[in-house]
Every structure is written in structure tokens, then in C-alpha cells.
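So the sequence shown is numbered by the working numbering: it starts at 1 and just counts up by one.
Among the clues, some could well be false.
[Said to hold, decoys possible] Pair by pair, the computed Cβ-Cβ distance ranges are: (1) Q113 x D83: 15 to 23 Å; (2) W106 x K12: 33 to 41 Å; (3) K103 x K12: 18 to 26 Å.
What the hints contain is simulated information worked out from the structure, not anything from laboratory work. All values derive from a computational prediction rather than experimental measurement. C-beta: ideal position from N, C-alpha, C; glycine also.
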Amino acid sequence: MNTELMALLDEKAIVDVTIRYATALDTKDWQRLRECFTPDAVARYGVIADCTGVDAIIEQVSDGMDYLAQTQHILTNHVVLLDGDSATCVCYLQAQHLRDNAKPSWNFILAGQYSDSLVRTGDGWRISERSLELWWTAGDPAVIARD
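Modelling step: build the complete structure from the supplied sequences, incorporating the hints.
Take a look at the structure:
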């Protein structure tokens, strides 16, 4: 296959992994989330938590989101750099969290940047390391605090 075409397909597959991650969060589909990471992945969620291993990542994320009524994670401005079977991807994040559908004004928004390291596996591209750099927040942080 043409090298340029392969690079475009790899870039699309990598962006698709990041979008699959966001969709998994918003649908609370923890199996889909598992498919975004290598088994030994590391996630650094800034002031929220650091996790090692896909099970720890899923536990952290699901524990922090299962009680929310709705979330919307929007990822943009993807920059992918390929290096054979390894890659990096940086993208912007804006995530809205709604605690109670009956009170849509009770929300919390955070924005920042994900920086990922990825590897090509037999099942496609997977995140091996993810870091969240938090840039700003708006709204009520109590929305994401567990009662």
C-alpha cells in the first residue's frame, strides 16, 4: 500500500480511538472504553487521578461518571505524529457534566488538552499513555463531586 495512504489511514484510526473514548464516556459503555487502551495503559487525569492499567482507568472513570445524568465530551484539533507502530496524538477537550436532567443549569464544564501515546496492536491502535492538562473550568464543581 502507498505510504502516504497508509499514513492517512493510521491518522484516521488514531483520531477514531480518541472519539471512541469520548463516546464511551458519554454512553457509559465501559467495554468500549476498554477497547481504547492497552492492558497496561497509564492515564494521568491531572488533579483528578493517576491510573495504571486499563482496569484501574475504567474503575476511576466509571466511578466518577456513573451517577451523572449526562455528559458530553467534545474533542477537536487533533494533531497526530506517526513513528512506525507508535504515535502521539494531542487534541483539545471540552466536557460538560450534567448532574440532574431536571436542573440543566446545574452543570460543570472543563476544558483542556489530552496528550496521548499510542501503539499499533493486533486489534488496531490503542492508547498506551494518556495525560489530561486542565486549562479552565466553569459552572459548579459540586456537580462532579460524589455525595
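Verification of the supplied hints:
Taken as a hint, the range 15 to 23 Å holds for the pair Q113 and D83, whose Cβ atoms sit roughly 20 Å apart. At roughly 37 Å, the beta-carbon separation of W106 and K12 lies within the given 33 to 41 Å, and the hint holds. K103 and K12 have their C-beta atoms about 39 Å apart, which leaves the hinted 18 to 26 Å range violated.
Hint 3 from the earlier list is the only one contradicted by this structure; the remaining hints agree with it.
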